[in-house]
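Asks: Residue numbers (the UniProt record's numbering), protein chains in the order written: chain Z, 1 to 358; chain V, 1 to 358; chain R, 1 to 358; chain U, 1 to 358.
If you're looking for bench data, these hints aren't it; they were derived computationally from the structure.
Keep in mind that the hints are not guaranteed to be accurate.
Unchecked claim - Simulated restraints on C-beta separations:
no., chain 1, residue 1, chain 2, residue 2, range
1, U, R45, R, H36, 30 to 38 Å
2, U, Y204, R, D265, 24 to 32 Å
3, R, G68, V, G114, 45 to 53 Å
4, R, P77, Z, P289, 27 to 35 Å
5, Z, Q111, V, G132, 40 to 48 Å
6, V, R45, U, N316, 27 to 35 Å
7, U, R45, V, A346, 28 to 36 Å
As the structure is a computational prediction, the values presented were derived from the model and not from experiment.
All C-beta atoms, glycine included, are put in the ideal place defined by N, C-alpha and C.
Protein chains: 4
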Amino acid sequence: MTYSVAVSGASGYAGGEILRILAAHPDVEIRTVTAHSNAGQPLIRHQPHLRSLEHLTLSDTTSEVLAGHDIVFLALPHGQSGQYTDALGDTALVIDAGADHRLESVTDWEQFYGGNFHEPWVYGVPELVVAGAKQRERLIGASRIAAPGCNASTVSLSLAPGVAAGVIDPGDIVTVLAVGPSGAGKSLKTNLLASEILGSANPYAVGGTHRHIPEIRQALVAARATHAGAGVTGPDDGIRISFTPVLVPMARGILATSTAPIVNDATDAEIRGAWEAAYGDETFVQLLPEGQFPRTADVLGANTALIGLAIDRAANRVVVVTAVDNLVKGTAGAAVQSMNIALGLAEGTGLTVNGVAP
Amino acid sequence: MTYSVAVSGASGYAGGEILRILAAHPDVEIRTVTAHSNAGQPLIRHQPHLRSLEHLTLSDTTSEVLAGHDIVFLALPHGQSGQYTDALGDTALVIDAGADHRLESVTDWEQFYGGNFHEPWVYGVPELVVAGAKQRERLIGASRIAAPGCNASTVSLSLAPGVAAGVIDPGDIVTVLAVGPSGAGKSLKTNLLASEILGSANPYAVGGTHRHIPEIRQALVAARATHAGAGVTGPDDGIRISFTPVLVPMARGILATSTAPIVNDATDAEIRGAWEAAYGDETFVQLLPEGQFPRTADVLGANTALIGLAIDRAANRVVVVTAVDNLVKGTAGAAVQSMNIALGLAEGTGLTVNGVAP
Amino acid sequence: MTYSVAVSGASGYAGGEILRILAAHPDVEIRTVTAHSNAGQPLIRHQPHLRSLEHLTLSDTTSEVLAGHDIVFLALPHGQSGQYTDALGDTALVIDAGADHRLESVTDWEQFYGGNFHEPWVYGVPELVVAGAKQRERLIGASRIAAPGCNASTVSLSLAPGVAAGVIDPGDIVTVLAVGPSGAGKSLKTNLLASEILGSANPYAVGGTHRHIPEIRQALVAARATHAGAGVTGPDDGIRISFTPVLVPMARGILATSTAPIVNDATDAEIRGAWEAAYGDETFVQLLPEGQFPRTADVLGANTALIGLAIDRAANRVVVVTAVDNLVKGTAGAAVQSMNIALGLAEGTGLTVNGVAP
Amino acid sequence: MTYSVAVSGASGYAGGEILRILAAHPDVEIRTVTAHSNAGQPLIRHQPHLRSLEHLTLSDTTSEVLAGHDIVFLALPHGQSGQYTDALGDTALVIDAGADHRLESVTDWEQFYGGNFHEPWVYGVPELVVAGAKQRERLIGASRIAAPGCNASTVSLSLAPGVAAGVIDPGDIVTVLAVGPSGAGKSLKTNLLASEILGSANPYAVGGTHRHIPEIRQALVAARATHAGAGVTGPDDGIRISFTPVLVPMARGILATSTAPIVNDATDAEIRGAWEAAYGDETFVQLLPEGQFPRTADVLGANTALIGLAIDRAANRVVVVTAVDNLVKGTAGAAVQSMNIALGLAEGTGLTVNGVAP
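This is chain Z alone, in the form it adopts within the complex (with noise of 0.2 Å):
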């Protein structure tokens, strides 16, 4: 069968890569796009690179419109799916490439986000060790589905292996990630002008301000209840993580360098084996042979996670490199391999591991 669907926020850069992926996929139709104010417009005038999509007009984004379609992705800010949702009845799959259900905690939510809480969907990562299976397992059959934030799901792949085996420990975990503009979104702010990013490096949200941060220390919680019994996030729940992202003169990507201590008299053996245990049958999330670490450019517009590992006696720490597009692997991606495994299909189709380098 053919499932229709339709994608909201679609003159947006997440809607936009939702687009370009679901085009090349051979069991769904793309039947409604919408937007707010750029209702009534053709999409083509707002991703002009979408040249199959040449059909489409963006209509108004609104409960009757997004309502019929077997599957309908949101691609909005934080706090606006809310409205939609409840009217889309319990038939549609409903993938929110937003914020509003991925966290479980309340807490959470309102020191990272703030306004009303939304109940936690289920979390769109399928790769994910938790609690000694994999997240996938969980979005068999699913009908709602929270796609993971890009930073936070590149940074618990990254580690939950490690957590989840006890080899590392993640009460001090240390996270920078290089990451494109494109992440922020089309918003006009002046710090995402070209002038401004173009020949430049640029950190914010430093200090343990960002959003990602309690979505990390959720799955982590949920890695390390595989060997440490089930577990709840908040602030005594032994996850803490230093996290800084930089902005760099690269329109997609990410790349992780996360770092945690070696514990347990963990030998290299049993460190590396972590991660090849949990990633070693997985398509989408690959860990790279010994001293071999991942460039942003060997991802771009693949769904694909690559990992490279370190173990670095000096500094007493493994050191993980994880690259990811933001768009596919970190947002459009995961929905979509999501929606595959909800709705039983291969799980890759329509989605490529292969990069498009240089």
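Put chains V, R and U on the given structure of chain Z with help from the hints.
Replies: Chains V, R and U in isolation, oriented as in the chain Z frame:
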């Protein structure tokens, strides 16, 4: 008086930047520029941006050519400077922009560089806190100066105040640097091609192998000596650094994100006060006001290190973000600033605090 | 059936892009990849973005290794393909991404390339207007195909419709191209280093020396033949092109701005009509609506040439701005599209019209 | 004496660059900086690279605030300067970096800008060949100066020598410019976002609509007057320019490729001689030796226009490639250089010929 100057390695990036700065310096005359394979060619062919030096021709790099100048800058690959400096005599001021004379520990040299060890020269980072004083004092009247490694001095300046004040623990430092490729010089290597670096973030020397690590350890041992007694650098010095550089698509610049655990129940005021005390009177190393963080564009072409400081109580870490132009404050500017001090000139002569932005 | 394929020059940029496209092509099996100095190494070491081809190892490029495949792609420096193709036999489809078989004129070859002249093969730009038809017709059933020069095909596609219709004068063409460095390959040259190209626009081959000039002349002679009788290219062919490429800081892409005088009192409708007639039915060459002009980001990774057309009456010139991904529509995509036609497959198999943006 | 200076539009890119240059100028004191919506804020918040001006606060832009300074720089959107300048009095030197006082032709103004026409001021491009002399002479003692449009002065300087000497035909000029986005200012527009410009070449104002076209026509009419009698600019002035700017991913810089037909059987010596005669004695406009062409990196931060000249006999065109930093020689440097001339200071005071590269 006007000092006569010779610059070796003048066709490379470090040599070119030394020349760019010296060309605007009122107290020197650039008399000689030297190179190896490019000897005999006009300098302008290799440094087409140095229009005011169009009249200079590259000589061969030999002791004879370098002799007889008041000041000699060496911008050569490590291991090459020794053959020239012995012949230069004590009256000349010799400043080595290479690594040969930076390290005090034979063990470190052998582990990270190899080959013959060379005696350490006075380290050319005037603002560094060392043993209750500033490195500046050691530079006065010096005749042999080792300009710093660009990444090393950036990280050392970032953390030395906190180490000296005893408010952070140098035993678990994590630093990740976004760096431009000019730091790697004009080497013809595939990984330095524009096609490889444009649009991509590329890690290298992951896992504790970068040669600037012992240089940072050495600086922090000296900083710690201000409150803990003198120490020597080495495997047992108690300094541990996880150090990961990431090449990003900007020609110049280092943005170092360095974190270390808060210790001794240090208050916010004590922590911030450590950096304020260290740099409050400095021109070229500036602590930004609370909540502000630097971009590399802000220091492009300038001799300024700009430092932003965050105290992340949730992660129990101080986060120091420092922006430096690797070729200026990281190399050539540090060399000229040190030269000014050694010669008794005004320290800022020929140097600027203002970056070229956007 | 599934066609067996060999790709030579597989460690370079053009070879890598052929592989990236073929990896998603349902009708081929990539059986062999070859290189020279890198023979014996895993392909993935040189093409780390091609995760689905991780199992392949580079063989040496020899006639023996290339023999026995249904299709052979040659991505070699010019002058090298001849030694292999003679031995390949007539049953194999051979597609040369190099320059050896593009030019029909011995004089042009000797002036712009030198060395032995090779017989011209069928030119692999299906949409080109030639002698009242499309180049596509000549590709049907071909067994030897010359993939185009990326800049050449971009400019030829830009202007051929106007020349064929007699509304512009090919005797005074001016074209200036913003190009990414990947078109120059992985050569280790100082001017291709990232430090040289980041933040800078660098012209090269200024003043009529670029090797793609005779290739454009040849295409426009063929286009003109549709209304003016057949012609041959050469110094007296009446085609004059001022051609200036400028390297800009993007890994891929060509944005060609091509202008030519309006002739024969052509009306706006006649001018626009020429391009509409030529490309109205094409999938991979698209004329944008009036007032719209393409960006290279819109075609990144896609096989699309997007064309914007302006009629500047004050300057009496037609201005054609065309965006192409040099590695796809400019090289590898053109090669695969031509392959599809030659083999009787659906022309767009394995190719996409949608770019990867932002 | 020290001149007191006020700079309006000080939070923008042009204003910031005027300040960067003036901060190093020995004969001026920056007393006042003004802005509109940012009034009341510290300058450093908007120009974080100008560390030496950290003490300045933005005042509101009013006639009262600007009055009483020896020199006033206006860096405002066009149409806004008139309200201030009338009130400034004749004793102040006023330099407008905006467009209001550049054009002599009311017709041109109305066609390309619209709104009230303002009287032309002395045009601030000292090296321009005009009516047998240099524009420099007109700047001596001037009290009202119009700084040039960055693209306009780049193209005018490129071609004026050939027009003045009668060796090229200004009736069929084609110029294509690779430009950085800083020329468009800090405007919050989607097409200026980093995500839109990184990795892409984006044309704009295609087909003869760019506002710098009449400014170039005016300069070339003046240049032609040196051999053909005085002329006026306008639709019948015989100057025809096809002008296409292309935004490329570099913050600053213009690389203009300008071509015009060779006329009057001009020999190579006559052609090259025209540019040599015009610029042989100039410091800030330099003709490169035969076969050499400039890169924008070579003039970054410098007040230099570097010109490469090719004579393409096959195309019967002269090709002039000129590199300029749009914010320096294109705007702020031209303004300060003109100021120096007007005040009788050494022309190069506070300006450099050396670029910041790589």
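Asks: Indicate, hint by hint, whether the structure satisfies it.
Replies: Now for the hints, and whether the structure bears them out:
1. U:R45 with R:H36: 30 to 38 Å: Hint violated: Cβ distance 56 Å, outside 30 to 38 Å.
2. U:Y204 with R:D265: 24 to 32 Å: holds, 30 Å
3. R:G68 with V:G114: 45 to 53 Å: holds, 48 Å
4. R:P77 with Z:P289: 27 to 35 Å: holds, 31 Å
5. Z:Q111 with V:G132: 40 to 48 Å: holds, 42 Å
6. V:R45 with U:N316: 27 to 35 Å: holds, 31 Å
7. U:R45 with V:A346: 28 to 36 Å: holds, 30 Å
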